[in-house]
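Asks: Letter by letter, the chains look like this.
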Amino acid sequence: MLSKKEKDLIKEIWERLTPVAAEIGADALLRMFASYPGTKTYFSHLDISPNSSHLLSHGKKIVLAIAEGAQDISQLTVTLAPLQTLHAYQLRVDPKNFKLLSHSMLVSLACYLGDEFTPVAHAAMDKYLSAFAAVLAEKYR
Amino acid sequence: MVVWTDFERTTIQAIFSKIDYAVVGQAAFSRCLTVYPWTQRYFGQFGNLYNAAAIASNPKVAAHGKVIMEALEKAVKDMDNIKATYAELSTLHSEKLQVDPDNFMLLGDCLTIVVASQLGKNFTAEVHAAFQKFLAVAVSSLRRQYY
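Read top to bottom, the protein sequences are chains W and L. All the letters of the first sequence, read from the start, carry residue numbers 1 to 141 under my numbering. All the letters of the second sequence, read from the start, carry residue numbers 142 to 288 under my numbering.
Mixed in with the good hints there might be a few duds.
[To be verified] With beta-carbon atoms standing in for the labels, derived distance ranges:
| hint | chain 1 | residue 1 | chain 2 | residue 2 | range |
| --- | --- | --- | --- | --- | --- |
| 1 | L | E267 | W | K99 | 15 to 23 Å |
| 2 | L | G188 | W | D115 | 38 to 46 Å |
| 3 | L | D243 | W | N97 | 15 to 23 Å |
| 4 | W | P82 | L | A163 | 25 to 33 Å |
| 5 | W | S44 | L | V143 | 23 to 31 Å |
| 6 | L | F148 | W | N97 | 42 to 50 Å |
| 7 | W | S53 | L | R284 | 36 to 44 Å |
| 8 | L | V143 | W | P82 | 39 to 47 Å |
| 9 | W | P50 | L | G185 | 44 to 52 Å |
Don't read these hints as lab results, they were simulated from the structure. Don't be surprised by glycine CBs; every beta carbon is placed ideally from N, CA and C.
Make a model of the complete structure from these sequences and hints.
Replies: The structure is reproduced here in structure tokens:
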């Protein structure tokens with residue numbers, strides 16, 4: 001469960017990261033591909049080498065979606081409805097992989113925010129990304 | 142048999158030679174207890190773990206964090222023999238402490254995050270992947286004696 005304090009914290013952090021969405025998103029994806037090579041199988045149609053334009057634009061898309069959800073976490077199911085359909089019927093990414101990207105995203109945040117990524121912020125963010133992933137997988141079956 | 146590339150070996154050894162075990166151990170272990178509060182179930186004798194601030198200032202938590210890092214160092218010192226090095230620790234965690242082995246990676250993830258925030262940009266995707274692999278081997282070795 002996310003407290004009001006946690007929701008505000010999450011919203012504030014993602015608002016701050018929106019201007020560097022491409023950088024953070026690409027970094028998280030790169031980490032995921034390096035640590036969990038199986039995840040690359042979903043991206044054979046893109047150039048996912050470091051600094052490629054595909055990687056940056058795809059990373060940006062992901063971070064902006066996460067930031068949008070953070071604007072009003074109680075409305076996650078509404079906000080994510082189109083993405084739910086996309087992942088369930090078209091992309092069909094095994095939901096186990098959402099955890100891998102979430103972890104990679106947390107590491108990217110730790111590198112970017114340093115000491116500011118306190119245990120409290122980390123806990124809140126982990127909870128939010130878990131909720132996000134769960135909603136994303138809702139239409140799968 | 143784990144096969145380590147030269148890059149992975151030097152990366153792991155470099156990370157462990159750079160970090161302060163007391164600081165990183167305390168940070169990672171207290172982070173684990175804060176982010177995944179159910180892990181507190183194994184530490185009833187540690188006193189006040191009531192909230193993030195209490196955990197962060199708890200001396201038993203800090204001491205235990207250092208113990209964990211020193212145990213990880215044993216694996217770093219003999220990377221080709223981690224299974225053997227951890228056989229006794231594995232039995233301890235399984236038979237005496239009765240820790241659910243799924244928890245090992247929770248601590249591993251928190252350690253990764255602490256090292257990441259320390260090294261910043263230097264914790265590149267490649268360095269990160271090497272560190273992840275080392276932790277996976279350590280965790281797998283710790284799981285071995287469970288039955």
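Asks: Next step is simple, just say for each hint if it's right about the structure.
Replies: How the hints compare with the structure:
1. L/E267 x W/K99: 15 to 23 Å: holds (21 Å)
2. L/G188 x W/D115: 38 to 46 Å: The hint (38 to 46 Å, Cβ to Cβ) is violated, given that L/G188 and W/D115 are roughly 26 Å apart.
3. L/D243 x W/N97: 15 to 23 Å: holds (18 Å)
4. W/P82 x L/A163: 25 to 33 Å: Once the Cβ atoms are compared, 49 Å apart, the range 25 to 33 Å for L/A163 and W/P82 is violated.
5. W/S44 x L/V143: 23 to 31 Å: holds (28 Å)
6. L/F148 x W/N97: 42 to 50 Å: 25 Å Cβ-Cβ, so the 42 to 50 Å window is violated.
7. W/S53 x L/R284: 36 to 44 Å: holds (42 Å)
8. L/V143 x W/P82: 39 to 47 Å: Holds: the Cβ-Cβ distance is about 43 Å, inside 39 to 47 Å.
9. W/P50 x L/G185: 44 to 52 Å: Distance hint for W/P50, L/G185 holds at roughly 46 Å.
Going down the numbered hints, you'll see the structure goes against 2, 4 and 6, while the others check out.
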